[in-house]
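Use the sequences and the hints to build the structure in full.
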Amino acid sequence: MSALDTKFATVEVVRRGLKDVGYIATTQIAHTVYLAYHLGKPVLVEGPAGGGKTELAKAAALFMGVPLIRLQCYEGLDESKALYEWKYGKQLLYTQLLKDKLDRVIEGETGLAESIEKLHQYDDIFFSPQFLEPRPLLKALQEKDGAVLLVDEVDKSDDEFEAFLLEILSDFQVSIPEIGTIEATSKPFVFLTSNSTRELGEALRRRCLHLYISFPEQALEREIVMTRVPGISERLTRQLVSFIHQVRKLDIKKLPSVSETIDWAKTLVILHAETLDKDMVRETLNTFLKAQEDIRVTEEKLYALTEHAIREAN
Amino acid sequence: MDRTLENFITALRRSGVRISVAETMDALRAADLSGYGDRLLLKDFLSASLAKSMPEKEIFEVCFSRFFALDYITGEDFLLENEGLPPTLQGEAPLTQIFMSGDVGGLAMALRAAGERADIRSIQSWTQKGLFMQRLFQELGLEGLNRDIRTLAEIGGQDAVNQVKALKSMRDNLMERVRNLVERQLELYAAQRQYELSEGYIRNARLSALDERDLARIHKIIQRMVKHLKDRYSRRAKAARRGHLDFRKTFRKSITYGGLPFDTHWKSKKIDRPEIVVICDVSRSVSNIVRFFLLILYSLNEVISRIRSFVFCTNLVDVSPLFETHPLPEALAMLRSGAGIPILLSRTDYGGSLLDFRNQYSDCLTKKATVIILGDARNNYAEPHTEVLRMISERCKRLIWLNPETPSLWGSGDSEMKKYLPYCSIARECSTLRHLERVVEYLLRVHNR
Ligand SMILES: Nc1ncnc2c1ncn2[C@@H]1O[C@H](COP(=O)(O)OP(=O)(O)O)[C@@H](O)[C@H]1O
Ligand SMILES: [Mg+2]
Numbered sequence: 001m002s003a004l005d006t007k008f009a010t011v012e013v014v015r016r017g018l019k020d021v022g023y024i025a026t027t028q029i030a031h032t033v034y035l036a037y038h039l040g041k042p043v044l045v046e047g048p049a050g051g052g053k054t055e056l057a058k059a060a061a062l063f064m065g066v067p068l069i070r071l072q073c074y075e076g077l078d079e080s081k082a083l084y085e086w087k088y089g090k091q092l093l094y095t096q097l098l099k100d101k102l103d104r105v106i107e108g109e110t111g112l113a114e115s116i117e118k119l120h121q122y123d124d125i126f127f128s129p130q131f132l133e134p135r136p137l138l139k140a141l142q143e144k145d146g147a148v149l150l151v152d153e154v155d156k157s158d159d160e161f162e163a164f165l166l167e168i169l170s171d172f173q174v175s176i177p178e179i180g181t182i183e184a185t186s187k188p189f190v191f192l193t194s195n196s197t198r199e200l201g202e203a204l205r206r207r208c209l210h211l212y213i214s215f216p217e218q219a220l221e222r223e224i225v226m227t228r229v230p231g232i233s234e235r236l237t238r239q240l241v242s243f244i245h246q247v248r249k250l251d252i253k254k255l256p257s258v259s260e261t262i263d264w265a266k267t268l269v270i271l272h273a274e275t276l277d278k279d280m281v282r283e284t285l286n287t288f289l290k291a292q293e294d295i296r297v298t299e300e301k302l303y304a305l306t307e308h309a310i311r312e313a314n
Numbered sequence: 001m002d003r004t005l006e007n008f009i010t011a012l013r014r015s016g017v018r019i020s021v022a023e024t025m026d027a028l029r030a031a032d033l034s035g036y037g038d039r040l041l042l043k044d045f046l047s048a049s050l051a052k053s054m055p056e057k058e059i060f061e062v063c064f065s066r067f068f069a070l071d072y073i074t075g076e077d078f079l080l081e082n083e084g085l086p087p088t089l090q091g092e093a094p095l096t097q098i099f100m101s102g103d104v105g106g107l108a109m110a111l112r113a114a115g116e117r118a119d120i121r122s123i124q125s126w127t128q129k130g131l132f133m134q135r136l137f138q139e140l141g142l143e144g145l146n147r148d149i150r151t152l153a154e155i156g157g158q159d160a161v162n163q164v165k166a167l168k169s170m171r172d173n174l175m176e177r178v179r180n181l182v183e184r185q186l187e188l189y190a191a192q193r194q195y196e197l198s199e200g201y202i203r204n205a206r207l208s209a210l211d212e213r214d215l216a217r218i219h220k221i222i223q224r225m226v227k228h229l230k231d232r233y234s235r236r237a238k239a240a241r242r243g244h245l246d247f248r249k250t251f252r253k254s255i256t257y258g259g260l261p262f263d264t265h266w267k268s269k270k271i272d273r274p275e276i277v278v279i280c281d282v283s284r285s286v287s288n289i290v291r292f293f294l295l296i297l298y299s300l301n302e303v304i305s306r307i308r309s310f311v312f313c314t315n316l317v318d319v320s321p322l323f324e325t326h327p328l329p330e331a332l333a334m335l336r337s338g339a340g341i342p343i344l345l346s347r348t349d350y351g352g353s354l355l356d357f358r359n360q361y362s363d364c365l366t367k368k369a370t371v372i373i374l375g376d377a378r379n380n381y382a383e384p385h386t387e388v389l390r391m392i393s394e395r396c397k398r399l400i401w402l403n404p405e406t407p408s409l410w411g412s413g414d415s416e417m418k419k420y421l422p423y424c425s426i427a428r429e430c431s432t433l434r435h436l437e438r439v440v441e442y443l444l445r446v447h448n449r
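Protein chains in written order, with this note's numbering: chain A, 1 to 314; chain B, 1 to 449.
Keep in mind the hints are simulated off the structure, nothing from the lab.
Every residue gets a Cβ at the ideal spot worked out from N, C-alpha and C, and that includes glycine.
Be aware that one or more of the hints could be misleading.
With a Cα cut of at most 27 Å, we get these calculated DSS-like pairs of lysine-lysine [what the hints assert, rightly or not]:
1) A:Lys290 - B:Lys230
2) B:Lys43 - B:Lys57
3) B:Lys249 - A:Lys99
To be clear about the criterion: a stretch of chain B counts as covered by chain A if any three or more of its residues have a C-beta under 8 Å from a C-beta of chain A, and this derived list gives those stretches [to be verified]:
4) 24–33
5) 43–50
Here is the structure:
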């Protein structure tokens, strides 16, 4: 049994391991991570923003003791930014340094066309591994002892990029025309995250295991707050988590996420709050509500919400 | 393969979850890892390997609880006060035996088996509740139990009276349980129906399978889809991109400047609105999807520079003027009724229609145009005239074929799809709203490459 296999011996070991690096996993999260490791499959993680998708990949890397390689997706992301790129600065620099040599190469050729033709035979020199800049995907394949590859917010990329990604996730190898094929010695553990701004392709979904992270239950969210906000009292944690859960039931545009709960908790600790009180809540609403309209709707019910949170926490 | 899992996957498929062979294999390995003992573990494992989107997860939830409901009923509640009851009956019914021996596991198994035999998962309506309860009672052998109770009552004596009382209370308890079980199955069925009316379902269902009742909802979804695409692509058109340095070109040009990379060349992308030529088969098998496709395309006219549209069946007709002179809903309605359109709707003729296109309209083929053909390529064994398709593909920027059939049917029977394929830049299955959305998105996106 390899060292990693021991870390994935049981679901409970995985869950505890994640917790040790500060990630509080639901049973479902622990189950899925465990399964993904044993089946050797990528995991596609979806769910509301700020719900711990990115954090899960980071925690997994820490827990496994392997490097985290992150590919942040955006519109227009292409192979040269994701896989590899030629170091054109270096290429240009070298043509300068080697100018004399190049001059000699084209010596005797009078016409421009002939010179170019002649040079053409040499440009392969500039397309060798020394001039290759590996980007996240290639880096992940090159990590000898494995890595966690995080393809973050894949919904922001284009669907050709998705198709290309799918190829890499199927073969774990790439071929670079000028150099040859590079194959992963140790398959990386892959997480893809999506905020569902665009529907991902069927093929990519089918290739991955799927995990949906929704808002955690109160007990779990309290645990998250306690690990992320050192020094916070249990009572305050209970109250503020209860408050947030009530807010999530309101009819507002943008529901507060886990990371916003944490932001609020941090703010309250800085303000030395011992317990929730209406004024303090009102002044700090903007740490977890961003839309003016949402703040207004919540303010209207502030009294009842706070009372309820305090009562529920006791 | 594991029978339970096989049946479960069939149930999922029937409810609209698409599952590939590879995913079936994943599920199999997952179930091997989890076993069937821990229900939550099994559920999470199967959900991760089989349900790959929110809509699919919703269906999965319903199916899983419905499917495995019978497996996890425990008999504990039934067997309360039977301890110390001396067996006074000979040759009792199986249910009586189970009750008298306090065999919890046996009762759970009997209930599960009865549920299977009564096919309780097929219940669909409140009116069937009584029927299914009767079936379950029958399968459980309730009659035998009742007979034993009667016999005991006739025997008389304190022991027998106590026993009759205990058995009756357990029987009532069981009947209550059966009723709950049936109601639970019904609720699950209702939940599933509810889901079938939801957006996720409609997006993923074959458009040919949806009926007129869903039309209003489909239109709503399309509206939202169009708005989303518009926002996205009008924004995008504004964002000019610089691109990357083209080293080879720069390097070669540098000769002119004594080796100095003076004149840099960039591989950049120009933003341009697409020009589209659509050619649609409107024979009955495809007409639904054509309607929605045209609706989407024409609704996007702000982000598309020009659309030419043709429909064909036995012959081919230019319908662009229709869309230029009438409001969109009206044009679509006219197209649907065929009023005023000189189209023959007898035998579908791809070859003939392609010839029509070549002879009358090949002037609309330019290097800027993307040509989209929508149809099943079922040509009734007539001449396919692939050479016309080749000509089209050579004279346009890109040729896309959208086929409402799934790829495994392409080329079967009278489908000429395999013969047309070599001339298509891409060919995709297109039978659901989701497919349509992806195609249009692709169109807008790749246009500038
Ligand atoms: N389960 C969790 N355990 C610990 N911290 C969490 C958890 N979920 C969310 N967080 C906190 O919330 C923050 C935001 O999470 P993140 O992974 O960036 O969200 P997402 O990628 O889903 O938008 C993290 O930095 C982390 O502090
Ligand atoms: Mg994130």
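(message) Which constraints among the numbered hints does this structure fail? Numbers only, ascending.
(response) none
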